[in-house]
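Visitor: Going down the list, the protein sequences come from chains S and H. Sequential numbering from 0 applies to the first sequence in numbering that gives the first Met the number 0. Sequential numbering from 0 applies to the second sequence in numbering that gives the first Met the number 0.
Bear in mind the hints are in silico, worked out from the structure with no lab data behind them. Be a bit skeptical, because a hint or two may be false.
With a cut-off of at most 25 Å between alpha-carbon atoms, the simulated PhoX-like pairs for lysine-lysine come out as follows [claimed, not checked]:
| id | chain 1 | residue 1 | chain 2 | residue 2 |
| --- | --- | --- | --- | --- |
| 1 | H | 121 | H | 148 |
| 2 | S | 2 | S | 100 |
| 3 | H | 1 | H | 77 |
| 4 | H | 144 | H | 162 |
| 5 | S | 159 | H | 77 |
| 6 | H | 77 | H | 46 |
| 7 | S | 32 | S | 66 |
| 8 | H | 121 | H | 1 |
| 9 | S | 159 | H | 148 |
| 10 | S | 159 | H | 1 |
| 11 | H | 121 | H | 144 |
| 12 | S | 66 | S | 100 |
| 13 | S | 154 | H | 1 |
| 14 | H | 144 | H | 130 |
| 15 | S | 154 | H | 130 |
| 16 | H | 144 | H | 168 |
| 17 | H | 121 | S | 154 |
| 18 | H | 162 | H | 121 |
| 19 | S | 66 | S | 107 |
| 20 | S | 159 | H | 121 |
| 21 | S | 2 | S | 32 |
What the simulated footprint calls covered on chain S by chain H, stretch by stretch (three residues with Cβ under 8 Å from a Cβ of chain H suffice, anywhere in the stretch; the number is not a length) [as the list claims (entries may be wrong)]:
| id | stretch |
| --- | --- |
| 22 | 13-19 |
| 23 | 123-134 |
For glycine and all other residues, C-beta sits at the position ideal for the given N, C-alpha and C.
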Amino acid sequence: MHKTEIRVGGLGGQGVILCGIIIGKAASIFDGKHATLIQAFGPEARGSACSAQVTVADEAIGYPYVKNPDILIVMSPDAYTQFAPQLAPGGMLLYENELIKVDGTLPKGVRAFGVPATRFAEELGRRLVLNIVMTGFFAGVTGLLSYESVEQAVKTSVPKGTEDLNLRAFRKGYEYGREQSAGKS
Amino acid sequence: MKLEGFPQTVSLRDGTPVTVRPLAAADAKALLEFYRSLPEEDRLYLKDDVTDAGWLHRFVALVGSGEVVSLIAERGDKVVAEATLYRALRGWSTHVGEIRVSVAPALRRDGLGTSLAGELVKVATRIGVEKMVIEVVENQVGARKMFRKLGFRQEAVLHGHVKDINGTKRNLILASSDVSHVWDAMEALVADFSPSAE
Ligand SMILES: CC(C)(COP(=O)(O)OP(=O)(O)OC[C@H]1O[C@@H](n2cnc3c(N)ncnc32)[C@H](O)[C@@H]1OP(=O)(O)O)[C@@H](O)C(=O)NCCC(=O)NCCS
Chain S
0 MHKTEIRVGG LGGQGVILCG IIIGKAASIF DGKHATLIQA FGPEARGSAC
50 SAQVTVADEA IGYPYVKNPD ILIVMSPDAY TQFAPQLAPG GMLLYENELI
100 KVDGTLPKGV RAFGVPATRF AEELGRRLVL NIVMTGFFAG VTGLLSYESV
150 EQAVKTSVPK GTEDLNLRAF RKGYEYGREQ SAGKS
Chain H
0 MKLEGFPQTV SLRDGTPVTV RPLAAADAKA LLEFYRSLPE EDRLYLKDDV
50 TDAGWLHRFV ALVGSGEVVS LIAERGDKVV AEATLYRALR GWSTHVGEIR
100 VSVAPALRRD GLGTSLAGEL VKVATRIGVE KMVIEVVENQ VGARKMFRKL
150 GFRQEAVLHG HVKDINGTKR NLILASSDVS HVWDAMEALV ADFSPSAE
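One chain only, chain S, in its complex shape:
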């Protein structure tokens, strides 16, 4: 069975859980795959850190916990410090590159892709959509899920009236992700 384990980490208020929900929803509802989601707030991490664990697979998933993610999406330095060492060798790191400085201590073979998501979100009009830029970036770099299914998941997960800006944020992140991954492969 093909299975991809994903962890999303950041601070409370950055929309980490929503990012996880959208990925899970895109996989299970719109892409015909199986997905599980586990949310963790506060206690598991320091301060107001929070994280989501998402598993995406072709078949039903027996064990939903993510120990060594294949893909790590991080939005804060703390989340990076805490979760980056757990990345599976050969895995993929997707990080907010104006908030996080990546050092050389990544597990073997990890490929790292950065995106100025906060700046993009601010340029689009709302810092709040940072997580949606990250979601788009995830979709663009990894190609794990189809563009349409993640777009649908964004559209159906955000509050009414905010779809327009959220979809722009998604596309911005997606396009940047495509460019970055094309540049590195």
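Assemble the complex: chain S is given as a structure, and chain H with the ligand must be docked to it using the hints.
Guide: Chain H with the ligand only, in chain S's frame:
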């Protein structure tokens, strides 16, 4: 600021297509012609002297600075309507946007005013505006009704606040629409708060 999603084609009630897009510097002359073609009774109740070339020059500069978003509707190479969103970039009301709309008399009551104003409300929420306001003179009945249908509610009356070009004093009505709840919902959604978390 670059606006995405334009140009758009809007069909009037009789099916005539008009193109809606952001104003560009090159449209200045056509815009001035549009305003100069409005009947005097309409211009009586516009806040600025829109037929003045000096005003136009300042207006285009404001569009360039991002303080103003202007959408025009075109039929052929003629401007047939214009809608403006003003937003202060500094100070205590950067979350407030003001809208003004003018439609050529021949094309009124065909939904164009509503669709331009509706587009501007969308643009406004997108760029972070939380409260929309309009200022209309009491006898601009059509405008009052149109904005009421768009969700605007009267908030204040400034008595004798406007002197029209005949020198007659009129009440100015301030109506507003709170669009902040749109983003409150998003804020709540990204709060990542869990009742079980410590
Ligand atoms: C006000 C103005 C922009 C409306 O434009 P428009 O394209 O005619 O508006 P719409 O066709 O979208 O009208 C929407 C609704 O508003 C109401 N309305 C508009 N004009 C009206 C009028 N003259 N009398 C009564 N109701 C009117 C109607 O309810 C209408 O719906 P309906 O036609 O289905 O009954 C236009 O009349 C105009 O340019 N007026 C002069 C300038 C002005 O007053 N600007 C407002 C300053 S903010």
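Visitor: Work down the list of hints and note, for each, if the structure agrees.
Guide: Each hint, compared with the structure:
1. 121/H - 148/H: holds, 16 Å
2. 2/S - 100/S: violated, 29 Å
3. 1/H - 77/H: Holds. Residue 1/H to residue 77/H sits at ~23 Å (cutoff 25 Å).
4. 144/H - 162/H: holds, 22 Å
5. 159/S - 77/H: violated, 36 Å
6. 77/H - 46/H: holds, 23 Å
7. 32/S - 66/S: At roughly 21 Å apart (the allowed maximum being 25 Å), residue 66/S and residue 32/S satisfy the hint.
8. 121/H - 1/H: Between residue 121/H and residue 1/H the Cα gap is close to 14 Å, so the pair holds against 25 Å.
9. 159/S - 148/H: Within the cut-off at roughly 19 Å; holds.
10. 159/S - 1/H: holds, 24 Å
11. 121/H - 144/H: holds, 20 Å
12. 66/S - 100/S: Holds. Residue 66/S to residue 100/S sits at ~23 Å (cutoff 25 Å).
13. 154/S - 1/H: Status holds; Cα separation ~23 Å.
14. 144/H - 130/H: holds, 19 Å
15. 154/S - 130/H: holds, 24 Å
16. 144/H - 168/H: holds, 22 Å
17. 121/H - 154/S: Roughly 16 Å between the alpha carbons, so the hint for residue 121/H and residue 154/S holds.
18. 162/H - 121/H: violated, 32 Å
19. 66/S - 107/S: holds, 16 Å
20. 159/S - 121/H: holds, 12 Å
21. 2/S - 32/S: holds, 10 Å
22. 13-19: holds (count 5)
23. 123-134: holds (count 6)
Checked against the numbered hints above, the structure breaks hints 2, 5 and 18 and satisfies the rest.
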